[in-house]
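Engineer: Starting from the known structure of chain A, arrange chain B on it as the hints suggest.
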Amino acid sequence: MSMYEDSGLSARFAALAPEPLSGAWNDVLDRAGTARTGRQRLERFRFVPSRRRRLVVVLTAVALATAVTAAGWAIVREVVLHKGFVGLPPVGATPSTPESGELVIQYWVDTDGPKGTGEARAWVYADGRLITLRRGFLEQRLTPDGVELLRSEIVSAGLEHYPPAPGPWIHNVIQVRIGDRLVGYHANFPERLLERLADPASWLPASAWEDRQIRAYVAPRYSVKYHAQPKTLERSRILSLLPAAAEDMLRAKDAVPEFGQLGSPAFPPLLPITTYSSNLTTEEARALAQALDDAGLKRDRRSGELVYSFEIPGTSVDPPRPAKGPVRNEVFIFFWPYLPNGESICTECG
Amino acid sequence: MGDLETELEDLYRRRNGAFQVMLASVTGSVESACDVVQEAFVRALRDQNGFRREGSLEAWVWRIAFRVAIGSRGSRELVVDEVPEVAFVDESRDLALATAVRDLPPQRRLAIFLRYFADLSYADIGAVLGVSEGTVAATLSQAHRQLADTLSTNEVMT
Chain A
870 MSMYEDSGLS ARFAALAPEP LSGAWNDVLD RAGTARTGRQ RLERFRFVPS
920 RRRRLVVVLT AVALATAVTA AGWAIVREVV LHKGFVGLPP VGATPSTPES
970 GELVIQYWVD TDGPKGTGEA RAWVYADGRL ITLRRGFLEQ RLTPDGVELL
1020 RSEIVSAGLE HYPPAPGPWI HNVIQVRIGD RLVGYHANFP ERLLERLADP
1070 ASWLPASAWE DRQIRAYVAP RYSVKYHAQP KTLERSRILS LLPAAAEDML
1120 RAKDAVPEFG QLGSPAFPPL LPITTYSSNL TTEEARALAQ ALDDAGLKRD
1170 RRSGELVYSF EIPGTSVDPP RPAKGPVRNE VFIFFWPYLP NGESICTECG
Chain B
3 MGDLETELED LYRRRNGAFQ VMLASVTGSV ESACDVVQEA FVRALRDQNG
53 FRREGSLEAW VWRIAFRVAI GSRGSRELVV DEVPEVAFVD ESRDLALATA
103 VRDLPPQRRL AIFLRYFADL SYADIGAVLG VSEGTVAATL SQAHRQLADT
153 LSTNEVMT
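In order, the protein sequences belong to chains A and B. Residue numbering for the first sequence follows this note's numbering, starting at 870 and increasing by one per position. Residue numbering for the second sequence follows this note's numbering, starting at 3 and increasing by one per position.
Looking at chain B on its own, in the form it has when it is part of the complex:
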């Protein structure tokens, strides 16, 4: 138990900020995201046998965190397969990008958030979403293309 607890502590210290930033886009505020992150690590600590070292520890905690975040919104838990809805906490800082992201299909939008807010590798995004790394690459590629098209159109118009 000791080793995994140390790994969890290390992960928390390194990545607490990234977890909060990403999960704020699910819960709607940094304050609630901070609470969700702590609860996710609490559950990870209590259920250390649930981590079978088949993937990265971080991906496992992300899955827990999403379940907690979705639960905190009043939804039932264990719904990562349904693709959690994500949105910027403060769209006004870059309305063009926020609008373009909002137009993405939910799966692409989530992949984009995991890439840029959570700073996850393609492999870890795949582990969180339950898809292959190749699917992540394809999803992100499509998302980038759609964002580029939307942004170039909108920003040329404005």
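Excised from the complex, chain A in its bound form:
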């Protein structure tokens, strides 16, 4: 690439580029004739009288439970739980114990060096649990000495002397317990440390491991979060749009509103958005997901987490800039697993 290309042309071409229109993938599927979209199925679903809907949900659940034998679940557990999973654990999976734990180390670092794997994200607890996020959460067990070795590796790197990394505190963040508090760093970390954090098994001695075998981390609870976008909606309005069984479940739960903004700071104004968050056991979360599946809501296949979404029929709203509209307003329902330190994790954020 020449210097001329670097310095001048990119900006001038960017100024000449027309602004693209928004375009939904569902439109492509519709045109391809392969559509089985949540929107279409939801519209059909919502014409079914309420009591009949509940009956359909119950009958479907019973049919599924009958079809899947105990032996079948055992095979699922064996295969899935050694690879990790996205979304909810298979029926019968044992949650990680103990339910809560004291966080000693947490990191989310980019590891793009010659031996890097892209990025590494992990949580280490005083009880020895090392939970990493790949495709789904995975768990290994360190000994107390192993936890201390990993902690010392970070502390001895002298992170306070490294220049801060650009950008927000999302990637390239390490938190480590020093004394009675977690100390956070957001810096351009040394390559050696990044390589070691990306693959602790490559350098920690055998004695540092209580159980080196990788298993799926099974969360005991899930944070179910839901909102409408780009036009935010009140909780009661969102709930009224859900399948009846799902509406009943979420209405029975407390919900905490979280206020955020949608859009890019480069293109103000940002749109206000309120997300409602409820705490569900894994069994409750599974029942909710089943109700959404039964209603034909679309699961987001790209996502590394369980997300449902549907467009609200008949709506026409403006998206955040620079996208152009109008577009349909959409409801999203996220299932975020809780980690032992009580934090629910968005695996797709950042």
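These are calculated hints, taken from the structure and not from any lab test. There may be inaccurate statements among the hints.
Said to hold, decoys possible - As a list, the in silico SDA-like pairs of lysine to any residue whose alpha-carbon atoms are at most 25 Å apart: (1) LYS1167(A) to SER143(B); (2) LYS1167(A) to ASP49(B); (3) LYS1167(A) to ARG17(B).
To be verified - To be clear about the criterion: a stretch of chain B counts as covered by chain A if any three or more of its residues have a C-beta under 8 Å from a C-beta of chain A, and this derived list gives those stretches: (4) 26-34; (5) 54-68; (6) 92-102; (7) 125-136.
Stated by the list, open to error - If you want a taste of the chain A side facing chain B, the calculated C-beta under 8 Å gives, among others: (8) PHE882; (9) PRO887; (10) TRP894; (11) ASP896; (12) ALA901; (13) ARG1004; (14) ALA1034.
As the structure is a computational prediction, the values presented were derived from the model and not from experiment. All C-beta atoms, glycine included, are put in the ideal place defined by N, C-alpha and C.
Structural biologist: Just chain B now, with coordinates in the frame of chain A:
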């Protein structure tokens, strides 16, 4: 089928804007380009066996998109070898650059658009145009030199 469909969906979500911006320079408007992009992905979905994983998925879809774009102008399809004509949708925003680009030979002009509007790597530009990466590098180098000469002359004069 499922995996490739997911890859296509991911490509569409990431690159829909770049496809539109580039193809608007072929079709003449963003609205028609938006339509062309969707049609290109529809054809890719229907003809998944046509992707043999010999190059990148994106390059394969670009070739389809160009065929659709050229077809949408009333030309016959399958004419990437003939080098589609590209032009800015709105030249007035930088008339000097637009004029300099218009003076480029068609192959260089297309390579420049693919580089700056589509943000493609040299390898993918080569795959779209059916030439080697080295040829792309040489073409872009010549295009940059010609643009630099034209722009420096014109902008000094004005």
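Engineer: Now, for every hint given, state plainly whether the structure supports it.
Structural biologist: Right, here's what the structure says about each hint:
1. LYS1167(A) to SER143(B): violated (47 Å)
2. LYS1167(A) to ASP49(B): holds (24 Å)
3. LYS1167(A) to ARG17(B): holds (22 Å)
4. 26-34: holds (count 3)
5. 54-68: violated (count 0)
6. 92-102: Since three or more residues must qualify, the claim that chain A covers the region 92-102 of chain B holds, with 6 doing so at under 8 Å.
7. 125-136: violated (count 0)
8. PHE882: holds (4 Å)
9. PRO887: holds (5 Å)
10. TRP894: OK, holds: TRP894(A) within 8 Å of chain B, min 5 Å.
11. ASP896: ASP896(A) check passes; min Cβ-Cβ to chain B is 6 Å, inside 8 Å.
12. ALA901: It holds, given that the least Cβ distance between ALA901(A) and chain B is near 5 Å, below 8 Å.
13. ARG1004: At 13 Å from the nearest chain B Cβ, ARG1004(A) fails the 8 Å test, so the hint is violated.
14. ALA1034: violated (24 Å)
Hints 1, 5, 7, 13, 14 from the earlier list are contradicted by this structure; the remaining hints agree with it.
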